[in-house]
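Peer 1: Below, each chain spelled out in residue letters.
Number of protein chains: 8
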Amino acid sequence: MRSTDGYVKTIGETADRLIYDRDRTHRIGMPEAVFCLDKSVGDVALIVEHLVSSGVGPVLFTRMCQLQYDAAVNRSDAPLDYEPVSQTAFLNGSMAERNAHVGIVAAGTSDRPVALEAQRTLQFLGIASQLHIDVGVAGLWRLLDRVEELRRERVLIVVAGMDAALASVVGGLVGCPVIAVPTSTGYGAARNGETALNAMLASCAQGVVVTNIDNGFGAACAAARILAAT
Amino acid sequence: MRSTDGYVKTIGETADRLIYDRDRTHRIGMPEAVFCLDKSVGDVALIVEHLVSSGVGPVLFTRMCQLQYDAAVNRSDAPLDYEPVSQTAFLNGSMAERNAHVGIVAAGTSDRPVALEAQRTLQFLGIASQLHIDVGVAGLWRLLDRVEELRRERVLIVVAGMDAALASVVGGLVGCPVIAVPTSTGYGAARNGETALNAMLASCAQGVVVTNIDNGFGAACAAARILAAT
Amino acid sequence: MRSTDGYVKTIGETADRLIYDRDRTHRIGMPEAVFCLDKSVGDVALIVEHLVSSGVGPVLFTRMCQLQYDAAVNRSDAPLDYEPVSQTAFLNGSMAERNAHVGIVAAGTSDRPVALEAQRTLQFLGIASQLHIDVGVAGLWRLLDRVEELRRERVLIVVAGMDAALASVVGGLVGCPVIAVPTSTGYGAARNGETALNAMLASCAQGVVVTNIDNGFGAACAAARILAAT
Amino acid sequence: MRSTDGYVKTIGETADRLIYDRDRTHRIGMPEAVFCLDKSVGDVALIVEHLVSSGVGPVLFTRMCQLQYDAAVNRSDAPLDYEPVSQTAFLNGSMAERNAHVGIVAAGTSDRPVALEAQRTLQFLGIASQLHIDVGVAGLWRLLDRVEELRRERVLIVVAGMDAALASVVGGLVGCPVIAVPTSTGYGAARNGETALNAMLASCAQGVVVTNIDNGFGAACAAARILAAT
Amino acid sequence: MRSTDGYVKTIGETADRLIYDRDRTHRIGMPEAVFCLDKSVGDVALIVEHLVSSGVGPVLFTRMCQLQYDAAVNRSDAPLDYEPVSQTAFLNGSMAERNAHVGIVAAGTSDRPVALEAQRTLQFLGIASQLHIDVGVAGLWRLLDRVEELRRERVLIVVAGMDAALASVVGGLVGCPVIAVPTSTGYGAARNGETALNAMLASCAQGVVVTNIDNGFGAACAAARILAAT
Amino acid sequence: MRSTDGYVKTIGETADRLIYDRDRTHRIGMPEAVFCLDKSVGDVALIVEHLVSSGVGPVLFTRMCQLQYDAAVNRSDAPLDYEPVSQTAFLNGSMAERNAHVGIVAAGTSDRPVALEAQRTLQFLGIASQLHIDVGVAGLWRLLDRVEELRRERVLIVVAGMDAALASVVGGLVGCPVIAVPTSTGYGAARNGETALNAMLASCAQGVVVTNIDNGFGAACAAARILAAT
Amino acid sequence: MRSTDGYVKTIGETADRLIYDRDRTHRIGMPEAVFCLDKSVGDVALIVEHLVSSGVGPVLFTRMCQLQYDAAVNRSDAPLDYEPVSQTAFLNGSMAERNAHVGIVAAGTSDRPVALEAQRTLQFLGIASQLHIDVGVAGLWRLLDRVEELRRERVLIVVAGMDAALASVVGGLVGCPVIAVPTSTGYGAARNGETALNAMLASCAQGVVVTNIDNGFGAACAAARILAAT
Amino acid sequence: MRSTDGYVKTIGETADRLIYDRDRTHRIGMPEAVFCLDKSVGDVALIVEHLVSSGVGPVLFTRMCQLQYDAAVNRSDAPLDYEPVSQTAFLNGSMAERNAHVGIVAAGTSDRPVALEAQRTLQFLGIASQLHIDVGVAGLWRLLDRVEELRRERVLIVVAGMDAALASVVGGLVGCPVIAVPTSTGYGAARNGETALNAMLASCAQGVVVTNIDNGFGAACAAARILAAT
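Taken in sequence, the protein lines are chains A, B, C, D, E, F, G and H. Just so it is clear: in the first sequence, position 211 is 211 by our numbering, and no numbers are missing. To convert, count from 1 in the second sequence and add 1000; that's our numbering. To convert, count from 1 in the third sequence and add 2000; that's our numbering. To convert, count from 1 in the fourth sequence and add 3000; that's our numbering. To convert, count from 1 in the fifth sequence and add 4000; that's our numbering. To convert, count from 1 in the sixth sequence and add 5000; that's our numbering. To convert, count from 1 in the seventh sequence and add 6000; that's our numbering. To convert, count from 1 in the eighth sequence and add 7000; that's our numbering.
Treat the hints as calculated values from the structure; they're not laboratory data. Bear in mind that the values here come from a model prediction, so they are computed numbers and not experimental data. Think of the CB as a built atom: it goes at the ideal place given N, C-alpha and C, for glycine as much as any other residue. Heads up, some of the hints might be wrong.
[Claimed, not checked] Okay, the calculated bits of chain C under chain D, using three or more residues with CB under 8 angstroms as the criterion:
1. 2069 to 2081
2. 2176 to 2183
[To be verified] Coverage of chain F stretches by chain G, computed from C-beta distances (three or more under 8 angstroms per stretch; other residues unrestricted):
3. 5122 to 5128
4. 5162 to 5173
5. 5197 to 5210
Chain A extracted, bound-state conformation:
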């Protein structure tokens, strides 16, 4: 992305032109989230201010870095519930709790930020979850010890980088929907998550579905669609 020095000073004039998709919850059961990665610090602060003042319901912010959070709070004193590892913030609380539960399985500590993004998004959507970290297949017993627990979940999110073998192994052990999230951990042949992505897509376990690299948010939304469908 291009640098966006000075972005703040012009957005002010056009902030009223932003079109927040207020109807989305009605259409698809989830509100529009604000993805902060490609937005300047100033933009995010203005968007938060705009949403605070316009009285929308709960809004989720993803990929909000500490600087963006600080700027938003400084500008509008917004009541943001911010969690820094997952880089998520809730504005105006979260959605009503549902009677639903999701299991999240992550291969290693490096995959934790993505797993937490999924968990926080689920929490925002009113869905409880249980996180299992450090169960990569190099120490297979760590996973096998939990198979019975995993089999009791209605949906599983599997988060893994590098070879992403965990998704195939889990997919062969359980019958519930398995949403695989490749992560950008690793180096060299891990190719910033592309290898994990492709390995999950080419998984020998049938019916595993996949999201974008590092997209814990998307996995949680998919889980919410599934739980709503049942």
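Chain A is already provided as a structure; the job is to place chains B, C, D, E, F, G and H on it using the hints.
Peer 2: This is chains B, C, D, E, F, G and H only, laid out in the frame that chain A set:
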């Protein structure tokens, strides 16, 4: 793949070593399917014969070309229910019908073989489906005319190649689980389905999940996992 | 690009060797623009000084970052009209206004710097424009509400990243020339804009043409060529 | 693409489900074209038969190979105007002639099928054109001899493979809209047209726009959009 | 590769110029093998004839297709021991048997040609082996049932395509050298074996080493180097 | 490339429009060559006929397959000197002999077609050469035995595929110009010659220059430029 | 990877959930190592503290940068033996010395950090080694001078970037196991180590095995597996 | 590349192990150059000190950044002749002047650092040169005005990024050796110089040879090899 001339003559000696995963239906609710694309004509015939004689339950064959089907029937007179566009065959019937329904939406006629693979797999798994073809976004009204019908489905499979814009548009219109299947239709920048795959993964519609390119089978299995979870 | 520490101190000796293409407006109807991205801060300042002193007509600078702008103003007190979000500057004013209008459609706030580069370039070329932001297809009604307005434009520039589905949808709704600009927004499978680029090139909407990733300048120049041709 | 043996025998049952976008000429000024590359021989024959019997206006078929043409004529005795080098066919004549003209410039003989696809599509859309072949930059005088002629065109389509340098040179010499079509000629580093595509996108000539690799059809549609806009 | 029609008729004149590396067994413990994939049918026949007449010791031919084998036998009546699935041939017998054993583990039937190339190469090098097929991780029990047997091997070769998860799981279960061979089985995101290759290189199991895609020959040679080192 | 069935029947009408660059020998010291790979059988025959009848000097055809050669001879009884392994043909003899010599070094038998294309092109340009085949670095002594001979050449062409290590080793042993030609031999990670190409470009031996993959013709032309410059 | 500001403050709550694979030495002869590259500074400090307090045996940390080391020492006063070039640290000493020796050969000074990672990992595993640097093939005599010395090693690790020709040359000179480690040195066509990786995989020297780019740790573990197997 | 904090403190112990290839000038006519890009600041300073104290002849350093230069001068007071734009330094002067001249042609100001690296390397090798900047093909007259001047050179180096069309145009206008250097200027589809590289390799101008991206040093060494060969 390497050519495999003569494969038939040696597989005979080792066919008894093939390990069909008979326990899979118990573990994940679906039997192991036999993927024929990388297998020689003779191999497929031998595997069919072996499965016929060993008395397993219903088995699905995918990517079975006409030559493989002919060889299998010639060798063992197997009761295969073969459908040539989807390149699928059922051995020993199919699974018990479930009270479940899936919508399949395909952008154009070129995507039809993949859409049919999904439909046939669903049929094998006991799940009814409705196929909507030629609803690509270049003629948006064709899709908008059917929105209400699509909103009544519990799961949607969206099949599209080239720009794969259909997945994003559908994902923004419905709240049920959306399983996107990229196809290898198109040329040049379509990159044999990679562009559709990446566009679906990077979709602006939240919670759309994706399968491998041309993987109608995988999409149907994912739908079955979802319907079983509900 | 290699780092270019110290570039300033040697360019001074050779600045008189730079060959500004003064004849370009005569040949193609637009002056040569100075692309600053791969140039050092010192180089840009020297080029500005050189152009100021040599008495050329209006010159457009693109991808000029704040540091380059500051250095140029410090060195030569050049009368630069700088806009920081689009990173554009006008030297010696702009070209004569034409009786022409262009519509610019951008999928989201993250695409705004590119859309503004197009708008500022059009302004430099004497062409008025209207900018429509936040009309991505995940909330399709935002676009459909404006179709009649868009159909009245003689040229449309469509700016979108990630899945770039907006270009296909717009291309199927209007008959005027559609210039699609992919942006580098998104992450993972968005592949720094390559997915949007390829999706636009493989668009199912016939006759959509494409520029380089993030190239708002090029889209505006193409629009100017079209408007001059009419 | 998967093989589609036997495709013919099932499409018959569903041909009535094909949705030809009859409204497209009204919306965008051009009818829907039928792209035959990813369709089986039998499918194309059925689509031709279906369109013949349903009484639509002029229809263009692109990437129709000789086998598909023969099958279509055998089945329905359709009045197809077929040209084999461009692999195009007109059903029910072509659109009304417009008072418009386009220049097509192609680097070498190998690029001729793509240039002819553009020319035939223009002819179908009622637009005359002049084709200039073998004017690649390795013999620059061949192009320079024709500059004045090219400058008189309202739109230029430039077709080139390998290094695609022709697009940049032409783009620097004329002020009219330049639509660049990369071709898949060449080998090795030509990468099946990707190098030409990227070189055209990264062209140093401002305002050159680009279509998909080998997409003469798309370039002609873009030219028609431009000529309609004027 | 370029087509090489007529290759036979000129190679005859220069066959005496071929330099077979007779010293290789002395230097590295294995003779030079003849890789037939990029050679014409006639070339292979001439090379066989040349080696037969020049009295070398045992020679291994890899990637020799049936046509090449037939031509070689027709021309020189060479005493080739040919195995068609692995596409290997032994000329003048094989090397002396060593007191050594290797385990070969393959994920599925589609990986069998590559596994057999490894097994035949080992046999040529005088090394016995045991082949385990159809032990992919989607049915994990098939592998776990054999762990004790695998732990008794001094070297393991793991052959797998698609997600290649088998290499990571095996690498985490045994302490002996693990040589991973990616195969080109699969489609789409399997990317002709690149995904398996990268997943094996990025494996979470420490100390797994990798060969080229489909390179059963190389894996066997590596095993021979290891067994010779002990 | 698209298929070009029927190409012959239309080229006849436009063959007089082909512009052979008769001035090229004057400008750059070498005539234009006709590259046949992307041309149909009929096109090549027509071009040969056209050149025969128009009385040009010597012309080189490259990548001319046997079918194209047969068609050309059948149509115009052209006096073509054809060599099938290199796929080259001379029309109207060759250029005057120069007092110059080039060494060609090829790693293995599989690289021979490319090495012969270089040798035949040199012969056409009047330059003698010596070919050294089977000197790949896996048997380093084969190369070291010839170092003194190679050091006496004024230009060396090095032809190698796969790892292309030969170019670096030769480049470190001699001081004359080294033109490296990557070949598409190998499989998997050889990536159709891209690995050899990149390895040659990234060679640790300084001043090695590189041509396109399999481009023996280009290497010979570069050698001719060098020899003419001296 | 996403930024992980603030990671420290939350990991504290879950550090007790980390599952260190204590059984790994029993299973595969080597303990689990902690890979620090994708972990935040705070995470690494917490993991060190956790391992110190829980009384495990020797632990190796790889890719630990100076900041991570400083934070770990500040927090827990851990007895870390840190070496900054290789970015490795030993906690609680190292494994018992084995009677084993490995040769490490590196092409140039730039490859030294990776070579040292291999050497330090071997030292941690109780294995002595000898490092040979600056023996790239551009100055072939530097390698040839040491051939006899290299032939006496039981295992060789070859570390090289750019063209990676060193691996092929060494592989053709010695018969012991050769573990090739590509490095990310070089620029442009070196493609961050991919070219070296592919060249090593496609090596003309038979039986060379390969690790991930820059993976000196993996090469050392592979050597340890080999030495344990003998 | 991995970070190499602390590299300085360990290299001291092993600096005596560096093997400078003193024999290279004798073998290939040029001394070994020290490539600084992948070396730490401390390493470069130590290497300079080592070379100063060991009394070698002239040594060229390339890609030496200002920090490395400052550290080297601080440590050893080495008599380095440093030029910051080209990032080159001469130690102990340069080689004897030859009676030779090279022309360097660069498309734009952004390509100047690479062009200067070529010029400085030539100067180090005793070869005079003339630099022509800002002659890109978008303003073709700038190049055509200089054709006669360029035709008088014995060797031409052409430096260009983005579409790299300049190399093809120059290659078609002159008969001397043309060494093309792609640069990493541009963005998006320029792909960090890969597009320029591939376009130069696939150039329609026969006999153009190519170096790595941004490799002005290599181009100058190739020119020196050519001039020495004459």
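Peer 1: A separate judgement is required for each hint: does it hold in the structure or not?
Peer 2: A quick look at each hint next to the structure:
1. 2069 to 2081: Our answer is that it is violated, as 0 residues pass the Cβ test (under 8 angstroms) against chain D, missing three.
2. 2176 to 2183: holds (count 4)
3. 5122 to 5128: violated (count 0)
4. 5162 to 5173: holds (count 10)
5. 5197 to 5210: holds (count 10)
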